[in-house]
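Protein sequences appear in the order of chains A and B.
Okay, so the first sequence: first residue is 0 according to numbering that gives the first Met the number 0, each after it adds one.
Okay, so the second sequence: first residue is 0 according to numbering that gives the first Met the number 0, each after it adds one.
It cannot be assumed that every hint is accurate.
If several chains are the same, the list does not tell them apart, and a pair holds so long as it fits within one copy or across any two.
[Claimed, not checked] Calculated cross-link-like contacts (lysine-lysine; reagent style DSBU-like; alpha-carbon spacing at most 30 Å): (1) Lys206 x Lys302; (2) Lys58 x Lys147; (3) Lys206 x Lys264; (4) Lys324 x Lys274; (5) Lys147 x Lys184; (6) Lys20 x Lys184.
The hints are simulated quantities; they were obtained by calculation from the structure and are not laboratory data.
Here is how the chains run, residue by residue.
Protein chains: 2
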Amino acid sequence: MSALTGSSPQTHDIAVKELIKPDIQRIEEVMLRDLDELSGHLDDLLMEVLRYGLLNGGKRLRPLLTILAARLCCGCENLDIYRLALAFEYLHVATLFHDDVIDNADTRRGRPAVNRAYGTVAAILAGDFLHARSMAIIGERAGIEALKIFCRATSGMVDGEFLQLRNAANYDQSEKGYFAAITGKTALLIAATTEIGALAGGADDEKRRALRIYGSNLGCAFQITDDLLDYLGDQNITGKPTGNDLAEGKMTLPLILAVNRADKKDREYLLRILKQDELRRSCFDEVKEIIAKYSGFSDTKRKAEELIAEAGAQLAVFSQPAQEKDRSLLGSLAQYVLGRNK
Amino acid sequence: MSALTGSSPQTHDIAVKELIKPDIQRIEEVMLRDLDELSGHLDDLLMEVLRYGLLNGGKRLRPLLTILAARLCCGCENLDIYRLALAFEYLHVATLFHDDVIDNADTRRGRPAVNRAYGTVAAILAGDFLHARSMAIIGERAGIEALKIFCRATSGMVDGEFLQLRNAANYDQSEKGYFAAITGKTALLIAATTEIGALAGGADDEKRRALRIYGSNLGCAFQITDDLLDYLGDQNITGKPTGNDLAEGKMTLPLILAVNRADKKDREYLLRILKQDELRRSCFDEVKEIIAKYSGFSDTKRKAEELIAEAGAQLAVFSQPAQEKDRSLLGSLAQYVLGRNK
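Sequences and hints are given; from them, build the entire structure.
Put into C-alpha cells, the structure is as follows:
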C-alpha cells in the first residue's frame with residue numbers, strides 16, 4: 000500500500016477518508032431526504048425500523064462505488080446518480096436484516112440487532128420492503144438492463160448462501176468452492192455497484208467490463224479480509240470478538256488451505272476439532288497455530304493482494320487527465336479494503 | 000350467484016373450473032419450463048426448495064387474473080403473457096415462505112411448511128430469491144411502469160403487515176382500519192395482477208382503471224371471505240380448523256363489527272375474552288354467538304357481496320362481442336371468490 004501512495008498505511012487511510020467525505024455526506028443527505036419522502040406514505044413503525052437500520056454509521060461503500068464509477072465514465076456530476084446509488088445501501092441493509100434473523104444475532108454495529116430491537120417479524124418485513132424498494136429504484140433510474148444485472152447479483156447472493164448451507168458440515172472444501180461462495184455472497188453485488196454505475200454513466204462495453212471486474216475483485220478481497228480479521232483482528236479495533244467463524248464451523252480460506260495442506264497428523268487433529276462444537280470454541284489458538292504453520296494466513300493475504308492488484312490494473316482504461324481524480328480514488332479504495340483492520 | 004348464471008352455486012363453480020382449466024394447465028407448463036431453465040444455474044438445494052414451494056397444487060389465481068386481463072385488452076393470445084404472469088405466483092409464494100417463518104407455521108396445504116421441511120434459513124432465502132425473480136420478470140417483460148405498480152403493491156403489503164403488527168393488542172379497531180390493512184395485505188397485489196395484465200395488453204387508461212378496481216375489489220372480497228371462513232368454515236372442506244384468528248387475537252371484520260355494535264355488557268364480555276390468551280382459545284362458540292347477535296357475519300358477507308358487485312360492474316367497459324368470453328370468465332371468477340367454501 001505504501002509503495003503505491005508513498006505514505007504509511009495510516010496516513011493513506013486518513014487521506015482516503017478525507018477524499019471520499021463529500022460524497023459520503025451527500026449520500027447521507029440524499030438518504031435522509033428519501034426517508035423523509037417515504038415517511039409520508041408508510042406506517043410509522045416501519046419508518047422507525049428503517050431509520051434504525053439505515054442510519055447507523057454504515058460505511059456507505061456500495062453507493063460510493065456506484066457514484067465513483069458513474070462519474071468516472073460520464074465525467075459529470077448529478078444528483079440522480081446519488082438517488083440511484085441509494086439502492087445498493089438499501090439492498091445491503093435488507094440482507095443484513097435477514098442475515099441477523101437467520102443468525103439470530105444479538106448486536107449489529109454495537110447496538111441491538113434489528114431483530115432484537117423490533118422482533119423477527121419486523122426484521123423480515125422491513126428487509127422485504129428495502130429489497131423491493133432497491134429494485135424499484137434500479138429499474139426506474141437505470142433501466143431494465145441494470146435491473147437484470149442487479150437481479151443476477153441478488154440471485155447469486157441467495158445461491159451463494161445455499162451453497163454454504165449445503166456445505167455446512169463439510170470440512171473438506173476446495174479453494175474453488177470458497178471462491179464460488181464468496182463471489183455469490185459478496186462479489187457479485189459489489190460488481191453490480193460499479194457495473195451499474197458505469198451503465199448509468201454511459202460507459203462503453205470495455206469500460207463497463209473493466210469496472211465490473213474491478214468491483215468483483217474488490218468484493219472478493221473485501222470478504223477475504225473479513226475472513227482474515229475473524230482470525231487475526233484486534234477486538235479493540237474491530238469491535239467484535241475473533242473466532243466466530245471457527246466456532247460456527249465456517250470454512251474460510253485460511254482454514255481451507257490448512258486442511259488441504261496439513262500432514263496426516265495435523266489434518267486429523269484439525270478435523271477432530273472441527274467436528275465438535277465444544278472443541279471449535281475452545282481450540283481457537285491451536286487452530287490458528289496450525290493455519291500459520293501451513294502459511295494459511297500469509298497465502299490468504301497474498302490472494303487478496305493479487306485480487307486488488309488486478310482490480311487496480313483494470314482502471315488503466317481510464318487514462319484521460321480529467322479521470323485522474325476518481326480513478327485514483329477507486330485505486331485508493333481498493334488499497335483501503337486490503338489494509339482495513341476493522 | 001345463481002341469479003347471475005341461472006344455475007346452482009355448485010354447478011357454477013364446476014363450470015368455472017372447467018373454463019379456466021386450459022389456462023391453468025398452461026401456467027403449470029410454463030412454470031415447469033421456467034424452473035427447468037433455472038435449474039441449470041442454481042444450487043440444487045435451492046431448486047429443491049423452489050419446487051417444493053411452487054409445485055403444490057396452488058390455485059394459480061393471481062397469474063390467471065393477469066392472463067385474463069391482458070387477453071381482454073389485446074384480444075390476442077401469446078406465450079409471453081404466461082411468462083409475465085408467473086411473476087405473481089412467484090411473489091405470492093415468496094410471501095407465503097416469509098409468512099410461514101413469521102407465524103412459525105407447521106403445515107401449508109396439508110404438507111410440512113417450507114420452514115419445517117427445509118429450515119428457517121432456506122425459507123427466508125428462497126423467499127428472497129422468488130421476490131427478486133418476480134420483480135426481474137415484471138421489469139423485463141412489462142416495463143418500468145409495471146414495475147412501479149408492482150413495487151407499490153409489495154410496499155403496500157409490508158405496510159399492511161406493519162399496521163397489523165402495531166394493532167396487535169388493539170381490540171377496539173375501526174372498519175376503516177380493517178380495510179386499510181386488507182387493502183395493503185391482499186388487495187393491492189391482486190389489483191396489480193389485473194392492472195399489469197391490462198398494461199401488457201395495451202389497455203387505455205379507462206380499461207386499466209376498470210381492471211385495477213376489479214382486482215382491488217376482488218382482493219378485498221377474497222380476504223373478507225377468508226376471514227369469514229375462519230369462523231364459519233367447515234373443517235372437512237377447508238382442511239384447516241376454525242377459530243385461528245380469534246385464538247391469535249386477530250381482529251377481522253365480523254369481530255370488529257360486533258365489538259363496535261355490542262351493548263355495554265356484551266362489549267365488556269368480548270373484551271375480557273380478547274385480552275386473555277386462554278379465553279380466546281376456549282370461548283370460540285360464545286364469541287361466534289355474540290358476533291351473530293350483532294349481524295357481524297351477515298353484514299360482513301354483505302360487504303363482500305357489494306365489493307363483488309362493484310367489481311363486476313367495472314367489466315361493463317369491455318362490451319365488444321369478442322371480449323364476451325373473458326369478460327364473463329372474470330365475472331364468474333368474482334362470484335367464485337365470493338362463494339368459495341375453502
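query = Which of the stated hints cannot be reconciled with the structure, identified by number in ascending sequence?
reply = 3 and 4
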